[in-house]
Amino acid sequence: MIAGVELINVTKRFGENTIVDSISLSAAAGEFIVLVGASGCGKSTILRMIAGLESVTKGQIMIKGRDVTQVRPDERDIAMVFQNYALYPHMSVAENMSFALTLTRTPKDEIKRRVGEAARILGIEQLLERKPKARSGGQRQRVAMGRAIVREPSVFLFDEPLSNLDAKLRAQMRVELALLHKRLGKTTVYVTHDQVEAMTLADRIVILDRGAIQQIGSPAEVFNRPRNVFVAGFIGSPVMNMLKGYLVAEDSVELPDTGARIKLSLPVRGATGKPVVLGIRPQGLILNEGPDAVLHMQVKVAEYLGTETVLNGTLANSDEAVTSSLNGEHGGLAGKQIGLSIDPAHVHVFDAGTGLNLIH
Amino acid sequence: MNDQRALLAVRYVALTLLAILCVGPILVMTLTSFKTQAQTFTTGLSFFFAPTMENYRDVIFDSSFGRYLVNSLIVGIVATLITLLLGCMAAYGLARFSFAGRKTIAYTTLMLRTVPLAVIAVPVFMIWSDWRLTNSLLGLILLYVAVNLPFTIWLLYGFVLQVPVELEEAAAIDGCRPWKIFLRIVLPLIRPGLAAAAIFTFRIAWNEFILALVLTDRSTRTLPVAASLFVTDIGVEWGKLMALASLIALPPLAFTFLAARQVISGLTAGAVKG
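For the protein sequence lines, the chains are A and B, in the order given. Each residue of the first sequence is one higher than the one before, starting from 0 at the first, in numbering that gives the first Met the number 0. Each residue of the second sequence is one higher than the one before, starting from 0 at the first, in numbering that gives the first Met the number 0.
Hints in this document: simulated from the structure, not taken from any laboratory. One or more hints might be untrue.
[Unchecked claim] Using C-beta positions, here's what the derived DEER-type ranges look like:
(1) W178/B x I7/A: 29 to 35 Å
(2) T10/A x W178/B: 27 to 33 Å
(3) C21/B x A37/A: 55 to 61 Å
(4) K102/B x A37/A: 26 to 32 Å
(5) R260/B x P237/A: 52 to 58 Å
(6) G122/A x T113/B: 52 to 58 Å
Idealized CB from N, CA, C, for every residue including glycine.
For reference, chain B alone in the conformation it holds in the complex:
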């Protein structure tokens, strides 16, 4: 009995440490965003200080903030939409049509995902320069689609496989052509997968820094790149950096919250069989 209690205690301690590890940096970021530059260094990690909205005011009313926000939104949303569109069709093709190398493709797509983004930065920059895609939102969107597509295909492939073929056959007898079967039967049923893929894709497109830094300029910059501008030759403007970082974290949070409900409702929707 005592052993079990001890084990429980150990578990709780471990979980608490993990939670601190996860939440700690976010907490520090948020706290720092409400401090003046001076307070940042004098108060340390203390909760006791006179909060200021000065950093947020400076960041939001900066003349370029609006443009960077729009850039980030366009890149994030368009890349996500294109990735889902191509991903669901590719996944369906892999799951349902038989052609040479199908299985191999289905299982190796994910390997592309293991390549670190920093590794491809230089080759991508050279190719994109060649194709005149640098310093454009289109270039960034294309890149994020390419980066996210393998995972999305792999994820949705699993979801399509779970849709019983009989449903598609029943729909064919009911009068659906292949496209209609895909749109009216398959897509609604893999909605949880689409939501999960959307969370994943949007988060990467929104947060990605290194490639965005390499491929954008003054007018096409995204928010993470803009945040890096607070790291200057004469020092780091911690308050503003943290304020912008806090703002950047909000849309994915909201998006994840909304999309996650789709994932959960889908998971409980239940199997088709008795």
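Looking at chain A on its own, in the form it has when it is part of the complex:
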């Protein structure tokens, strides 16, 4: 099957700086791919190279099996939605949406049909004759998506499209985006720094750091089997606890400060005494007031979030920060020392040197 979008060893340099370092990536036709990473990781540059707004230093970009590396943006069969919407302020909503079609001299009734249909899908029919300037953020975002839809492209590109919206609207638009993708079934490459968007929208997530791919996988894969410390720390909320330790057996890690021994669910590769980083999701630290508690935590702040309480503090006898996420209301634990046991399903072991996950 021909990939919707394929990047082959794509590199981007600005002078001496390598922004994107020999990345290869393939999105199947109809697949929703999310590029996620901290700012400066190169995700937007990758998107802009796919769009043709940025030249490629080395490598190849294919869209539907056609090499478009040197092709102008408008001939790549793509449409892009920008972070700040980039609506033409001097044109009405309808003119914004139909601009590309008028440039290609599409027949008037065809333009009208497509604009009407896109407006109906997005619920912006009543705005068509208005100028975009006075519209709310959500409406402008819809217009920007409408402008992309009417072109009926093979590939949709989204550059942090929801980051200018408030939290409530963002959640709503996220759902609409998911529905829209289901309805249109087009290959989509979506850039965001928000892991919630990545987890909820993506068929596959591409996690980037310093211009290189750290892991590609489904949301469940990157959450349950993070390939390295970076991915483990990036995906999941609250952030995974990272504790220094060393192997004492192939299925046991000891934390030096507390002397606690943690039993692993699976044996790992590596010699006894090997320094490791023990990654424990906050959800894997369970309140245990009994004598068999593995760890003891000095709680500093308890954040009650409704269905869960996030405890922030340090390990007893150590200054290593830990976070625990408990179901229910536990605000009363602030300032107290508590015992914790560990759910092995939420434990990962990383090589202290390379950062690679030793279990998965």
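Put chain B on the given structure of chain A with help from the hints.
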């Protein structure tokens, strides 16, 4: 409370004085244009006199008035159009293309504007004579374009910088080539800047006196130069001079009024971002 009132009073007095200072000369000019030569000296600044249209009649029906008016209009309009055309393209280039010395050029263009026109009168006359551009409207137009271009570029540069690059990128994806992006996206968005530059350029080209006096002759004279002809060896024809001056002031007034509406509508058009 009393302090604030006193302050307010002081402000009003200051503003009133300023207003008188601005409007006074125009008022005197207009009043004098309706007086006979004799009345000019007998009535002083008085509002009470029998107005006459004689000065206007003499000025307008003078055999050369039509020609001077046409000269002024050609020079003003053509110089403005050329200045805007070159200015917007230069400003766009400075704002969007990267080349060595770009920033320096962008910020030093305005310095050319600080040279007083009288200073360049003699060198310009020599060069223009050499190139056979004296006594022609073309020579005057070229000069006004050169004089106004730096300010226009500097002004429009700021406007182009305010157009988000994403708009141009969106247009590129929509299928615009660079020229089309410039014409269909950038130009409409910097319209307020174009209007402001047009007001400025037209006003200078229309009103400029010293260089026009040096570079024109009987047939290419512009209106301000024509007005100076009323200052003669045997005395100043105040009534006619003021009548012509009043007439000269009208087109820029009308033009500014029209163009200023573009500036204001542009200023309220709002930003692109949410």
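Status of the hints after comparison with the structure:
Checking the proposed 29 to 35 Å range against W178/B and I7/A shows it holds: the Cβ atoms sit about 33 Å from each other. At roughly 31 Å, the beta-carbon separation of T10/A and W178/B lies within the given 27 to 33 Å, and the hint holds. Between C21/B and A37/A the C-beta distance comes to about 58 Å, which sits within the given range of 55 to 61 Å. A C-beta distance of roughly 31 Å is found between K102/B and A37/A, which places it inside the suggested range of 26 to 32 Å.
In this structure the hint that R260/B and P237/A lie 52 to 58 Å apart at CB holds, the actual value being about 56 Å. Range check, G122/A to T113/B: about 56 Å between beta-carbon atoms, so the 52 to 58 Å window is met.
Hint compliance for this structure: every hint is met.
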